[in-house]
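There are 2 protein chains.
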Amino acid sequence: MTLFTLNFGQECTSDSPWTYECRNEVCFKIDASTSKNEQMQLSTCKLTCGPHAALFPKPSVETILSKSTLPFLPSMMKNPSLSCTQKPCDIASLNWYVANAFNILRKDMEDVYQKLKKPDGEMRCQSSALGRRISTNLIIASDDTTLTLETDESYRLNVSTDSHADIEVQITAKTFFGARHAFETLSQLTEYDEINNSMQVLTSALILDKPAYPYRGVLLDTSRNYFSIESIIRLVNALSYTKMNTLHWHITDTHSFPIQIKSVPNMQKYGAYSHKKVYTHKDVRTIVEHGKLRGVRILAEFDQPAHCGEGWQWGPKTGLGDLAVCVNKQPWQKYCVEPPCGQLNPANQNIYPVLNKIYTEYFKLFNPDVFHAGGDEVHLGCWNTTEEIRVYVQKTYGDLSEKSFMKLWKDFLDKSSAEIVKANNNKDLPLIVWTSMMTSQKYLTDYLDKDKHIIQLWTTSKSEDMANVVRKGFRTIFSTYDTLYLDCGYGNWLTEGNNWCAPYKDWKLLYDNSPRQFLNKNFNITIDDKVKKSILGQEAAMWSEQVDDQAGDSKIWPRAAALGERLWTDPDHNWEQASTRMIHHRERMVDRGIPADALQPLWCDQNEKNCYYDPSINGHYADFSSRR
Amino acid sequence: MTLFTLNFGQECTSDSPWTYECRNEVCFKIDASTSKNEQMQLSTCKLTCGPHAALFPKPSVETILSKSTLPFLPSMMKNPSLSCTQKPCDIASLNWYVANAFNILRKDMEDVYQKLKKPDGEMRCQSSALGRRISTNLIIASDDTTLTLETDESYRLNVSTDSHADIEVQITAKTFFGARHAFETLSQLTEYDEINNSMQVLTSALILDKPAYPYRGVLLDTSRNYFSIESIIRLVNALSYTKMNTLHWHITDTHSFPIQIKSVPNMQKYGAYSHKKVYTHKDVRTIVEHGKLRGVRILAEFDQPAHCGEGWQWGPKTGLGDLAVCVNKQPWQKYCVEPPCGQLNPANQNIYPVLNKIYTEYFKLFNPDVFHAGGDEVHLGCWNTTEEIRVYVQKTYGDLSEKSFMKLWKDFLDKSSAEIVKANNNKDLPLIVWTSMMTSQKYLTDYLDKDKHIIQLWTTSKSEDMANVVRKGFRTIFSTYDTLYLDCGYGNWLTEGNNWCAPYKDWKLLYDNSPRQFLNKNFNITIDDKVKKSILGQEAAMWSEQVDDQAGDSKIWPRAAALGERLWTDPDHNWEQASTRMIHHRERMVDRGIPADALQPLWCDQNEKNCYYDPSINGHYADFSSRR
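Those protein sequence lines, which keep their order, are chains B and D. If you read the first sequence in the working numbering, its first letter stands for residue 395, the second for the next number, and so on. If you read the second sequence in the working numbering, its first letter stands for residue 395, the second for the next number, and so on.
Calculated from the structure, these hints are not laboratory results. Please read all numbers here as calculations on a predicted model, not as lab measurements. C-beta: ideal position from N, C-alpha, C; glycine also. Check the hints yourself; a few may be wrong.
[Unchecked claim] The calculated label-pair distances, taken between Cβ atoms and stated as ranges, are: (1) Ser1010/D to Arg865/B: 39 to 45 Å; (2) Asn418/B to Pro725/D: 16 to 22 Å; (3) Asn914/B to Ser1010/D: 56 to 62 Å.
[Unchecked claim] In silico BS3-like links for lysine-lysine, alpha-carbon gap of 25 Å or less: (4) Lys509/B to Lys676/D; (5) Lys423/B to Lys670/D; (6) Lys501/D to Lys670/B; (7) Lys501/D to Lys423/B.
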């Protein structure tokens, strides 16, 4: 240990008076002058301490990690060699994905290194890193590079050190997506080390791993507020760091229509917040392609028939009314759940050719394996106060009862679904719909088909309607608002007090949110293989009434990563066992350029297991008056 | 209006189908094809609509604004000419500040212009802006450039257009600080205009303005988590945009000691999170100097005798114990209010020479008009469980009663205060201390002196202790945690649930938080001139257990700006009348590079007065079940 000076002659040591020692899976900070061991940095300790060290999410099958590290430089990593076991195999295409994903891996490591490394004068400390070679060999079974709900994302990762102290990485996976997850895991077996002024990697590791759920997502709403392309790319990157595989893109809503529809230019002209706040086809392709290399499906939602307003104000107007009705109709409380109101007009058949054009461009851009058709918060009162629609419903269904308006809605669902299939070259595909009146026990099985519709549940985690959807055998994605809505707990944007789904959902709530557990516990549903298979996964939702790209990253991360481990590993334990790795994962995200929020003082990261609350101790915490 | 195409031949018009019209002080969005008027952009409408247009905070004395604008380019603004009425006047020194502050003003405008302007191909639309000259004349009474609690920050700003359609700006102020506020106001009389592809400024304006309170602050805690220099500079900038004048820098705490003390290098060596997370003297000077040009006092706090831990672990150890005791003592709940524990040891007289060195460097760096001496959350139980201190207290005060430990604390206060005065070249200056046991009714007047101590109140706004401090004639700064703590409402960082001061404090709560009002209403205190004068102002607090520079900006802004208007204008009305300007002020902050959080959908900015909640309307908002 040297004194705190920055001169070029100093030894290759840390400036810190502290060292770390791993005892009982905890990194202890101690005064280096009192230790007999060589000085160890926190990052090195974290890399070698505990059965899962710095891995997040925790691998689900098997993890064997060495306790020693070797220094290396990311730039010294050789391009990978690939073989494919499927015969025949389009290895050129597969290799394109693998090579690009590997470049991304190398760049993630290089970014961390560039951010943390010491100035040039201390480069000589890297001598032991400079000669180290890392070679990577992959065996991938299939050349299929389409991500679906059936894709096998498992992988086997083996790291070993040869007699020349070079590193060999062996990856086996069924698909490209499994191999990409192995890359992510490999990156988490490395850390920057200040003493060598280089990255370091574990000398050996064996990891067998696969996800518990096939759908692991985050929703981003770009209609209430706009998010830049750069911020969406960052979101894709961050998802991949936790092996999450879906960015559910809630592109449009009543507030704005920010996507280019080349065949209906009026949508963006009337609907975008400004001509700069539009996702062009080129932008979308950039995001979709980047997503694939990161193992992330870009799942586009076209929300309908409610949540349509801005963008729909142009003709062709007919005797049957506008394309969308109730658009910014006031007082809004009578016609929708938040301003501005707006719903498509199913009495005006001109909406279907427009929808077909939108769907057709969506399918070309996103090439989806499932399509999100929205369907939430249909307000029958909006339709029932629109004269043209009342006339149509009276004429078509005989009266103006709830049942007749539900028939109108079903008619819209059938016709719009037919246009979706048309846009998909007449091939069926699963449709995701939000929970709504239609998914309530009263209507569910008469209106929706469990072989065709996937239900995204945004009820509370205690809702009978939710349990009914599971019991009726529908495939489900859970986004229960009392546990997974990231927009909750901020100020009410319409009046005083905090917003409708307050309080704030802390990362621990997301971590512990296991539908397998709460369905069994709260509703006595047996989680057999059939039910297990029907629960596709979960999704944390960043609705954007009160966020845009200025603060989106820090509201989503690291909270969504807690959900990520729940979905990948589905551990038997709760958040407490994940806490140390979670805090460290947040630091890693920041080092990689994601402005994730801080969960604790950095002191807690540097003094593991010292930040806790023990209710059995008679103390002052949470006793506000004593904080004086 | 042209179609949505980006070709170089297009006319100098907007691509938008919408235009705005100001009716009854509200900017209405209407279809441009249905309007007889020339197309108007939202920014132009906001600049000319309503008695206070886009100004935030609202001027407090008089505001007369024209309804017409002229295009200009920031780069065409001439350097200001200055005269000084005081005789003699050090005009060279004064001019240095004025010229630099003017450059900052010009750069703020230029940054907005560069961010929003269209590409080079459309420069020809600027012809009418290119020739426009803006000249600025200032008359400042005094050459004093020290910001104190007595500084006159008032100003008079007059904007007029001469016969050549050039703009003349006339600023009169008592001090540089008033003139700087005038610059800020001037910048808020300008907006980018897409049609001319240039900035535009009001053709005439007359504003008389002065603050309601002399102390208008935000606290930043850099001990629990570190904030980069860049993020602190951004905070200073953002404060100045709302004419707030104090950055209360809570530099150190038990968690880390991130500032360089050249004469006691062990403080940072043992106390900083890393050698990169240290504020050097050079860094501090950069911040302090930038603060002055922005009209912002950098008020350093040295929190003591509690809140001392990391950094104090080195000798000289004596028979009287360590310099700081209970440092990370566990279980922490017995010795402090949050981990890690730590308090200075008043039984060890070696602490005073160390404190003197710290104070001396603080005074050199910050040149303070008031000094913040901390003093919160002293935990008598920590001292009372430290053997060396028990021996000392027993010997010195005769027993181990609360009273004796209070005497120990008083002894520390007296001795440390004497060292502070010594460090200030033996000149007295006011000391700010936090509310604590010492400021409770039981001890206040026996222990503290109203002519010497300013009390920063962090009780709730309903606390009897708070009212007592005011009644006893102390000068006060309000930071009531139930209304002004910006860290509240996130997850509990020690266990499940949300944090101790949850829920989240929305901007409306900060806006409406008027001590003059609640002291009168809740405690029947007459707000006469004496009481008025004793209330120096308020401060929003960004404690950093759960935030660092990744999300600090968006947690502070725009919420603290709401407090800014309360403190500058102290309007008779509540948040509702400020809402439109507040939302627009947030957009302005973002355009100037402050990642402030979004308060509403951008739709609400573009459709003024359409986002509201009327409880008298029988609707669905806040009826969660209906959101299905």
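Structure-inconsistent hints, enumerated in ascending order: 3 and 7
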